[in-house]
Structure formats: structure tokens, C-alpha cells
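A.B. asks: Taken in sequence, the protein lines are chains A and B.
The opening residue of the first sequence carries number 25 in my numbering; numbering runs sequentially from there.
The opening residue of the second sequence carries number 25 in my numbering; numbering runs sequentially from there.
By construction, these hints were calculated from the structure, which means they are not laboratory data.
Keep in mind it's a predicted model, so treat the numbers as computed, not measured.
Every residue, glycine too, gets a C-beta built ideally from N, C-alpha and C.
Wrong hints could be hidden among the right ones.
[Stated by the list, open to error] No farther apart than 20 Å at their CA atoms in a straight line, the calculated lysine to aspartate or glutamate pairs in the EDC-like style are these:
{"hint": "1", "chain 1": "B", "residue 1": "228", "chain 2": "A", "residue 2": "234"}
{"hint": "2", "chain 1": "B", "residue 1": "310", "chain 2": "A", "residue 2": "302"}
{"hint": "3", "chain 1": "B", "residue 1": "228", "chain 2": "A", "residue 2": "172"}
{"hint": "4", "chain 1": "A", "residue 1": "228", "chain 2": "B", "residue 2": "167"}
{"hint": "5", "chain 1": "A", "residue 1": "228", "chain 2": "B", "residue 2": "170"}
{"hint": "6", "chain 1": "B", "residue 1": "221", "chain 2": "A", "residue 2": "127"}
{"hint": "7", "chain 1": "A", "residue 1": "235", "chain 2": "B", "residue 2": "234"}
{"hint": "8", "chain 1": "A", "residue 1": "221", "chain 2": "B", "residue 2": "234"}
{"hint": "9", "chain 1": "B", "residue 1": "221", "chain 2": "A", "residue 2": "234"}
{"hint": "10", "chain 1": "A", "residue 1": "266", "chain 2": "A", "residue 2": "286"}
{"hint": "11", "chain 1": "A", "residue 1": "235", "chain 2": "B", "residue 2": "286"}
{"hint": "12", "chain 1": "B", "residue 1": "235", "chain 2": "A", "residue 2": "234"}
[Stated by the list, open to error] Chain B side only, calculated, beta carbon under 7 Å to chain A, not exhaustive:
{"hint": "13", "residue": "75"}
{"hint": "14", "residue": "77"}
{"hint": "15", "residue": "188"}
{"hint": "16", "residue": "193"}
{"hint": "17", "residue": "197"}
{"hint": "18", "residue": "200"}
{"hint": "19", "residue": "239"}
{"hint": "20", "residue": "240"}
{"hint": "21", "residue": "244"}
{"hint": "22", "residue": "275"}
{"hint": "23", "residue": "282"}
Protein chains: 2
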Amino acid sequence: MPQAKPTVGFIGTGVMGAPMAGHLLRAGYPLMVYNRTFAKAEPLIRQGARFAPPAEIAAACDVVITMVGFPEDVEQLYLGPGGLIGQAKPGAFLIDMTTSSPELAVRIYETARRRGVRAMDAPVSGGDVGARNASLSIMVGADPADFEAVLPILRVMGTTIHRQGGPGAGQHAKMCNQIAIASGLLGVCEAIAYAEKAGLDPEKVLASIEKGAAGSWSLSNLGPRIIRRDFAPGFYIKHFIKDMRIALHSARRLGLLAPGLELVLGMFEELAGRGEGESGTHALYKWLTSHML
Amino acid sequence: MPQAKPTVGFIGTGVMGAPMAGHLLRAGYPLMVYNRTFAKAEPLIRQGARFAPPAEIAAACDVVITMVGFPEDVEQLYLGPGGLIGQAKPGAFLIDMTTSSPELAVRIYETARRRGVRAMDAPVSGGDVGARNASLSIMVGADPADFEAVLPILRVMGTTIHRQGGPGAGQHAKMCNQIAIASGLLGVCEAIAYAEKAGLDPEKVLASIEKGAAGSWSLSNLGPRIIRRDFAPGFYIKHFIKDMRIALHSARRLGLLAPGLELVLGMFEELAGRGEGESGTHALYKWLTSHML
Numbered sequence: 025m026p027q028a029k030p031t032v033g034f035i036g037t038g039v040m041g042a043p044m045a046g047h048l049l050r051a052g053y054p055l056m057v058y059n060r061t062f063a064k065a066e067p068l069i070r071q072g073a074r075f076a077p078p079a080e081i082a083a084a085c086d087v088v089i090t091m092v093g094f095p096e097d098v099e100q101l102y103l104g105p106g107g108l109i110g111q112a113k114p115g116a117f118l119i120d121m122t123t124s125s126p127e128l129a130v131r132i133y134e135t136a137r138r139r140g141v142r143a144m145d146a147p148v149s150g151g152d153v154g155a156r157n158a159s160l161s162i163m164v165g166a167d168p169a170d171f172e173a174v175l176p177i178l179r180v181m182g183t184t185i186h187r188q189g190g191p192g193a194g195q196h197a198k199m200c201n202q203i204a205i206a207s208g209l210l211g212v213c214e215a216i217a218y219a220e221k222a223g224l225d226p227e228k229v230l231a232s233i234e235k236g237a238a239g240s241w242s243l244s245n246l247g248p249r250i251i252r253r254d255f256a257p258g259f260y261i262k263h264f265i266k267d268m269r270i271a272l273h274s275a276r277r278l279g280l281l282a283p284g285l286e287l288v289l290g291m292f293e294e295l296a297g298r299g300e301g302e303s304g305t306h307a308l309y310k311w312l313t314s315h316m317l
Numbered sequence: 025m026p027q028a029k030p031t032v033g034f035i036g037t038g039v040m041g042a043p044m045a046g047h048l049l050r051a052g053y054p055l056m057v058y059n060r061t062f063a064k065a066e067p068l069i070r071q072g073a074r075f076a077p078p079a080e081i082a083a084a085c086d087v088v089i090t091m092v093g094f095p096e097d098v099e100q101l102y103l104g105p106g107g108l109i110g111q112a113k114p115g116a117f118l119i120d121m122t123t124s125s126p127e128l129a130v131r132i133y134e135t136a137r138r139r140g141v142r143a144m145d146a147p148v149s150g151g152d153v154g155a156r157n158a159s160l161s162i163m164v165g166a167d168p169a170d171f172e173a174v175l176p177i178l179r180v181m182g183t184t185i186h187r188q189g190g191p192g193a194g195q196h197a198k199m200c201n202q203i204a205i206a207s208g209l210l211g212v213c214e215a216i217a218y219a220e221k222a223g224l225d226p227e228k229v230l231a232s233i234e235k236g237a238a239g240s241w242s243l244s245n246l247g248p249r250i251i252r253r254d255f256a257p258g259f260y261i262k263h264f265i266k267d268m269r270i271a272l273h274s275a276r277r278l279g280l281l282a283p284g285l286e287l288v289l290g291m292f293e294e295l296a297g298r299g300e301g302e303s304g305t306h307a308l309y310k311w312l313t314s315h316m317l
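If we strip away everything but chain A, and leave its shape as in the complex, we get (with noise of 0.2 Å):
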């Protein structure tokens, strides 16, 4: 006889987390949902989920999972008046799979674990199309039996799935991915400006280098939408901005200088002050255009 599932709560069903939400109704877990905008929350209550406020969805689920916005919020929801880990069953599992700082992840962990409850990192990576395909990169910080725990739960929403190490561990890999994506996206703008400057076309452009050394997720998925000027999210440069930041932050704590990171950070900073914040990442494209010698 199969084991029941365990109650899940979905903290958070935005673009990210409605999609994965309803993976997990759709793999048979009872499901309880939060959203501060409770329209966001509407199709997945009509697919049989419950509403409920944080603090009941804590003392009602065996495992809560958050997906949020900002590291403010997810220290408010954990660790603030009422907040999840005051609340949780003891026992409970808390996965934040929010974006957001190592340095809190190990916070909420050992608060967590104070009160019996185990809590874990989980940020995702893959965007809307990986949370609606259920294809997510799923990076985790946790004990490694808390890990095994949750296993099942994050198959339903994601293919690639590693511990990296111990609480906060799944947030430093997401920065490696933050990292890694800034500076490179970058060399994609200044290539494709290059190319327009000197008069080529830059969609032969991209055909002739995007297979070799040259080549990366950027080039080929952002590069065309650069070249016909759609500058539609994709990733909110507002979101981008809070994610370097915390890359920063901790890249210094770790003694660590990332000339690339801080470089790109200030001129999203920039086109964030020039009302670009909702456009998609590909826009640090206008920083060059707005730039030129």
C-alpha cells in the first residue's frame, strides 16, 4: 500500500511558484497555498488547493515551501512575529527556494533547528520555463538526511537537483549561476553593439560564432531578442539587481574581489535608475547604446 503523502504548503505562487505548486497538486500531494495576491492563488485553489494565512499553513504542513521575493521578506516570514518557524510542526521540513542569502539561509536553519524544525535552501534556477516544464535546477543547502526527505518532493518540480553542501550552500551555488550570468551577459551586449557599430549583420554574426568558444545560453537566447530590440522579461533587471547584491555582499565577506560582478551590477544600478528595471536583463544592451564614446 502506497504511504500517504505528506500535506505540503506553497508559500508564494508568483510565475515562479504557481507552476510548481501545481506539479505538486497534480502528484497527488494535499496542497495548502499563500499568495499576497490572492488572484495569483485563484487557479490552483479551483485545482483543489486550500488557502490559508502563513502561520496556519505552518502548523497544518509536514513540509512548507517559500518562493518569495527579497531576503526582507523571507526573514519576515520566517523569523518574524508569527512567522513559519515559531509555527511549524515539530519535525517539519521549511525549504526556501527564494533567492536569497546564504547568510540567512544559515540563520533560519539554526533558529529552525532550535525548535526541532528542519529547515533548507533551495533556489532554483531556469526561470518560468523550467518551473512550468518542471525542468528546474534545483540547488540545496541542508543536512544530508534532510536532503533525502525532500528528494521526492523536489523530482516533482525539478530535473537537476544537487546538495551542495550544508544549510546556505544551496544559496552560494544559486550566486555562482548569478555570477556567471552577469559578466557573461555582458560580453554578449558589447559583441552584439560591436557588431551593429561596424556595420555587419548581427544575426550572421551570431551564426557564425554561437557554436564555438563564443557560444553560451545568453548568446543564443538573448542575443537574437537584443538584436530586434524586445527588451521584455525574461529576468527583471530589479530582480537581477537584488541577486548581485547579494552575490557581493557575500563574495567580500569571503575575501573575494569579482571585478566583473561589481561592474555589471553598477550598470544595471544605473539602468535601474533610468526606469529599466522591469526590463529584462538583456537590456544592460541600452547601458552601451546610452554610452558611447
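Starting from the known structure of chain A, arrange chain B on it as the hints suggest.
C.D. replies: Here is chain B on its own, set in the frame of chain A:
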């Protein structure tokens, strides 16, 4: 009856040129070769190529291909005393496959045209592996008819062959390739340095991020070498510095700021000054570990 194949001259039979010339030999082109270090031409001579100095090659061949080191070498070879343009047969094709300056390519084209000689630039990407497998990407700057005329010869050496525009456009396209690589490589190095400083297993981080938005040729191919501290070239830092200086000079002429390119060039110049010029480009990583906070 098949048309007799034109006699081809190949000047510069180093790590790239030797296998490229070998493909032409095996494809049935009568071949003359020259290299400053005679020994590097010997295997081709044993396969039937005839060794001769550049002026003699120019006087005898229908098509002359050059694959040498630096723009100064190209300039000397084409425009210097006894140079290719002065010696070439009227109507001959001169194809410079060296990564060199777009301006110089235009100057060579114009000088050649006044003598009824057809010059073009056709730098490649794909490295020594691409040269050996005849899978190079070849970026051509040429008059359309000249491009069509030499295409059968280029197809012997490469698989991705695009005319990027008139004279110089091939070099410009190659600069786009190098510009995209430069910052992208910095992102890879920073990500790996971060992973290591954060106490993660960098191979596990690569496994989590290389298939997603952070994915790139550099991450998947150079990342593992960085992790095992194998800084053998690959592509020499000293050659990449040459390319990046051309790119930066050219970007400035086009009125384009390229802050990523400029940053990475400075890092490489510092490394070269510390004796790393003959390390592979991924030794950029060493800049980070030698500038810890």
C-alpha cells in the same frame, strides 16, 4: 571531366595552419607551403607539399592563404618589400586567415585591388581541434564574387562559413567572438572562485548550473580545467591579448565603450606581466586568487 584544381599556397603552418593545409592536400589541391620554422612544414612536405619562400609562392599560386601570428606579421608579409601583393599573379586570391586588424584588412584589400589581385580576410574560430577536424567557423570579409570563388577551398577547412560583409568584416566578426569570450570567461572564473571560497564542490556547482542560463562553452570546457588547476593552453593569453587590443582599438574607433573587454584586457596584461603569457586564457582565474581582499 573535373576541372583541374588551382595551386594553393599556404603560409604559416603552425598549430592551426598545418592541419588546415593538410586538409587541402588530401582534397587534391597542389600545395606550396612556407613557415618560418621549417620543421613545422616537414610533415606537409612528406605528404607532397612543396616548400618555397613567400615571394615564390605568390608568383606561382592561384590562391595564397596566410595564417601567421600578429598584425605586424601580416602587414610585412602582404605589404612589405617583396610582399605577397607585389608578387602575386593578376587575378590571384589572397586569403588572410590570421586574426588581425580590420583596418589592415581593408588596406590590404585596397592595395591588392590596385594591382588586380583579390584579397580578403577570413579569420576562424574553433581552435586547433576545429582545424584538425575541418570544423572551423570561417568569418569572411570579401567582395561577394571573390567569396563565391574561394568557397570550395574554405569548405575543405570549415563547416560554418559566412561572408560577414566587405573587406575587414571577417575581422570585425572575429572581434565580436573575442569580445563575447572575454567577459564570459571572467564570469566563469569568478563563479568558480566564489564556489571554492564558499566551500562548495565546484564540480557539483557546474553540474547544477551549466545546462541553464549560466551555461557556456567556457563554463563547460574551461571550468573543469580551472578546477583541476590545469592551465595549459588551449588558447594562449599572449595571443588573446593581441586580439583584445585590436578589438578595443577598433571599438573605440567605432565610438563604442566596451567596459567588460577593457576590464578583462587589463587583467590579462597584468597576468602576462607576471609571466603567464603562455598559459591558457582560463588562467584568468589566477588574477582572482592573487587579489584576495
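A.B. asks: Would you mind marking each hint as holding or not holding in the structure?
C.D. replies: Verification of the hints:
1. B:228 x A:234: 25 Å, violated
2. B:310 x A:302: 36 Å, violated
3. B:228 x A:172: It holds: about 17 Å lies between the C-alpha atoms, which stays within 20 Å.
4. A:228 x B:167: 16 Å, holds
5. A:228 x B:170: 19 Å, holds
6. B:221 x A:127: Holds, because 14 Å separates the two Cα atoms, which is no more than 20 Å.
7. A:235 x B:234: 15 Å, holds
8. A:221 x B:234: 31 Å, violated
9. B:221 x A:234: Cα-Cα ~31 Å, so violated.
10. A:266 x A:286: Status holds; Cα separation ~13 Å.
11. A:235 x B:286: Roughly 24 Å separates the two Cα atoms, so the pair is violated.
12. B:235 x A:234: 15 Å, holds
13. 75: 32 Å, violated
14. 77: 33 Å, violated
15. 188: Hint on residue 188 of chain B: holds, closest Cβ of chain A at ~5 Å, below 7 Å.
16. 193: Hint holds; residue 193 of chain B Cβ to chain A Cβ min 6 Å, cut 7 Å.
17. 197: 5 Å, holds
18. 200: 4 Å, holds
19. 239: Where the cut-off is 7 Å and the nearest Cβ of chain A is about 4 Å from residue 239 of chain B, the hint holds.
20. 240: Residue 240 of chain B check passes; min Cβ-Cβ to chain A is 4 Å, inside 7 Å.
21. 244: At about 10 Å, which exceeds the 7 Å cut-off, the nearest Cβ of chain A leaves the hint on residue 244 of chain B violated.
22. 275: With Cβ-Cβ at 6 Å, under 7 Å, it holds.
23. 282: 5 Å, holds
Consistency with the previously given hints fails for numbers 1, 2, 8, 9, 11, 13, 14, 21, ordered from lowest to highest.
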